[in-house]
Structure formats: structure tokens, C-alpha cells
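Visitor: With the hints as your guide, set chain G onto chain X.
For the record, the sequence lines run as chains X and G.
Residues 9 to 255 in the numbering used here are what the first sequence lists, from first letter to last.
Residues 9 to 255 in the numbering used here are what the second sequence lists, from first letter to last.
Hints are not guaranteed to be accurate.
One copy or two, it doesn't matter: identical chains are merged, so the pair holds either way.
For lysine to any residue, the following SDA-like pairs were computed, each having C-alpha atoms within a straight-line distance of at most 20 Å [unchecked claim]:
#, residue 1, residue 2
1, Lys217, Gly144
2, Lys96, Asn67
3, Lys217, Arg164
4, Lys217, Leu141
5, Lys96, Thr41
6, Lys96, Val121
7, Lys217, Gly143
8, Lys217, Pro197
9, Lys243, His73
10, Lys96, Gly219
11, Lys217, Arg29
12, Lys241, Gly222
13, Lys217, Ala142
14, Lys243, Pro60
15, Lys96, Ser184
16, Lys217, Ile159
17, Lys217, Gln31
18, Lys217, Ser161
19, Lys217, Thr175
20, Lys241, Gly229
The set of hints was computed from the structure by calculation and includes no laboratory data.
Note that the structure is predicted; figures quoted are calculated from it, not measured.
There are 2 protein chains.
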Amino acid sequence: MPPPIVTAAVVIIGNEILSGRTQDTNLRDIANTIGAWGIRAMEARVVPDTEPAIVATVNELRVRHNYVFTTGGIGSTHDDITAECIAKAFGVNLIEHPTIAALIRNYPAPPEVITVALRMALVPEGAGLIENLAGGPPGFYVGNVYVLAGIPSVMRAMLGSLATKLTGGAVVQSRSVTAYVSEPAIAEPLRRLQANCPNVEIGSYPFFKEGRIGVTLVARGTEANLLTETTEKIKSMLVGMGAMPTE
Amino acid sequence: MPPPIVTAAVVIIGNEILSGRTQDTNLRDIANTIGAWGIRAMEARVVPDTEPAIVATVNELRVRHNYVFTTGGIGSTHDDITAECIAKAFGVNLIEHPTIAALIRNYPAPPEVITVALRMALVPEGAGLIENLAGGPPGFYVGNVYVLAGIPSVMRAMLGSLATKLTGGAVVQSRSVTAYVSEPAIAEPLRRLQANCPNVEIGSYPFFKEGRIGVTLVARGTEANLLTETTEKIKSMLVGMGAMPTE
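Next up, chain X with everything else stripped away, as it sits in the complex (with noise of 0.2 Å):
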């Protein structure tokens, strides 16, 4: 039996992914990380710091996916309501977790500033923890959901840490072709030759670079045999028409 398709949807919490002031790289990393796992990303969503947003958006991916991560939105500060989000899209309480108290406690700053910092020990009932290898506070999950940092760093922190702890499926491998040739004039035998090969995703991506047009041609499955026969195939198509592809 080949082995299952696990797939997931990825959740940009923040204000400043929508206005413009960030560029968001976390999908990306994600995307790939937990590919290598065997876990897809099947669609993101980029929501603002707003309650409603943040809770229909995990109740609506978490039923239609076998995992959900969410980035942003944990710290300390009053836009920071992920946590708060998540306890509610489950209908649990925000308890203090006593692993993160105890570790925000051991902080060598003021008390006043120790209670504030609290805050970020809050967590849904019931939620594990997804240990921070960047050494600040972790993050949590709770069922299928797991909430990680937004800052590119800590949040890559967080999700190494699940490398072992989560269950893929198939791993999807991809082979890129490059040629400097136009999309039309590739079109055609492109569609054929994906007509031919079912069982792996051909995706065609056109480019200009240094005043010439090319096309990159990415070929994506599961099987690698397939994947290198489909390769061929390609670089066939490609030298039939008189491009030098280049892998």
C-alpha cells in the first residue's frame, strides 16, 4: 500500500503581513519543512490580529486537514491574542501552563516585568507544548493545531523541534527543468506530455532574466522513478525543439 497523503494548512497571523510592512517567509520555510516530513501544505490564509478572523480561520482548516500551523501573535503585548484565539476555536479555557511560568519566572528581570512576561505562559487547557530551540518561551499545540512564533528565527526554532514528533505521509520530490524558451512554443507538447504522465504535477514557470524569456518546467510526485522518466521526457521535448535544458 503506498503510503497515505497527510496534508496541512498554514495560518499567517498578523496586522503587518496585510499592510504591506512585512515580507512574510514563513509559509516558505514551512512549506518546506514539513514537505521533507511527508506533510503538504495544501493552502495558507494571512489573517489580521482579529478574533473572528483568527477563530472561523483555524475551525474551518483544522476539520479539513490532518494538521494546521499558525505563525504569529504569542508574544506579550496586547495585539499578541493567538493563544486566547485557539482556546476559544476549541472551547477551553486559557490556563497557565506552569512549565512556561516556571521558565518565565527564572528571568532575570523585575517583578512587574515577570507578571506581565506571564502572559505568554497563558495557553489553551490541554495544550502540549513545542519546545523553542531558540531558548525563549515554547509554543503550543492543541489537537491538530500548532502554534508557533511569528519572528522567522523562533519560529523555525519551534517547528525543528517537531521534526520527530509529527506523522507524514508521502514525500513529494520535485525535478526542475530550465530552458530559455517561450511558454506558447511549449505549450502544446507540454500538455501532451503531461497528458501521458498522470501520476506526476508538471508546472510551467515563465521568467525574464537578464533580457531573455525562459521557462523553468517542475516536475512533483511521489514516485522517483516516475519523476526521472518524466525528467527525461522533458529534457527530450526541450532538445526536439532546439533548447539546452539544464537541470
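Guide: Quick look at chain G alone, frame taken from chain X:
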């Protein structure tokens, strides 16, 4: 009467974004550009190149916002299905647009390539065109859904042509103040400050830079005088804590 609030959703179409192969930059570009026109990106979705996902997403978002902007999937290959999905979303036929077809028939290319390229002339019946300042085939719009290319430079060339054609509302402006303080140290005074400035939204974005922790506080709002007032209060708060804020 204050100017109205005009909102938008952004739909990024493309497996290459969800696979982690390609870093999307279109969301940020669109958000910044339309933001300056008084149109606020309120949510964004990244969806795969599949008809059910694109149709459902567009139909959900177009009734919720003044504008929807999509990027990607309007080339000439088999994985470019945006035009037919938009037609399906609106329940109209896909037709060859005479203006685009005439443009493509003028390409210096063999007849069989022209035939394939004419796929890019297919638009939903009743669609208007979005001029492509980069010189290639135009984008199109149906109702309040604006369909742009995925290649960032082409997307910008299309979006730019809309500058005088869309109707914006109140423009959100922002002021940023940065200081090397920890978020928990400012969280409580910042919460009070936010409570006293209901018409300005204050976001708090911690960062690590050259081994130091800091935070950027971003005040956003539509009234310049309130923004200035709030920014001054933020600076005073930080100075009062012994920090040296920079704007």
C-alpha cells in the same frame, strides 16, 4: 463625513508557492500599492492550481470585500486555469477577447505557437481588460475581481495601470518607533496607551538584531494628527523607561 473604509482580499494562485519552491512577494507589493490608494488588504489566501479551490475562494471573497486581486495562472500552459475558474465563479462563458487576440496574432512567432498563445486571449464573457504596462498580454477584471499575472514584474505592470481606475477610501498611514527594549517591559504601559488611543492601532513587533532584542512599535490610522499625537506618546513612554527611541 469621513471617507469610507474600502477593503480587499488577495488570492495568490500557485502550487509553486505552497510547495515552498517560490517565495511570494506579490502580496506585499499589492498591499503596499493598494494601501496607498486607500484600499486595505484585509485577508489573503494562497490556493493551489485546482478549479474547486480557486472558484470557491473567489466566490467567498468577492462578496465580502470591495475588491479581490488574484495573481498567477494566466499563462498559456495546462496549469494556467485562472481565467476558466473566474468564468465558472461568475457563471459566464470563456470567450476569446478580440483585443488580446489581435495583440497575440501580431507576435513574431510561427502560426502553431500563435494558436497556443491565443489561450491567453480567453477571458470570462463581459470581462474588462487590465493594461499591461510591461507590454505583454493584459490582465482582466470581472465585477470586482482583478486578475493579475504571477510574475512579480508583470503583476506590478498590470496593477500600476489601475492606479486611477479603482475607488479607494480613507488611506491608512503609519509611523514606526524602534527601541532596544523587551516586549514584556513595555507591554503594560503600551496596553494603557492603546486603550487611550482607540482610533490608532498600535502593533508591537519584537526583533533580534546583532545580539540585542528590541521592538518596533507601529501606529496606524487614517488621521495624521492622531498618528502624530500617538507617536509622541509612544516616544515619551519609551524615554520614560530610559530607552532611546528612533523613528
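Visitor: Which of the listed hints are not met by the structure?
Guide: 5, 6, 8, 9, 10, 14, 15, 19
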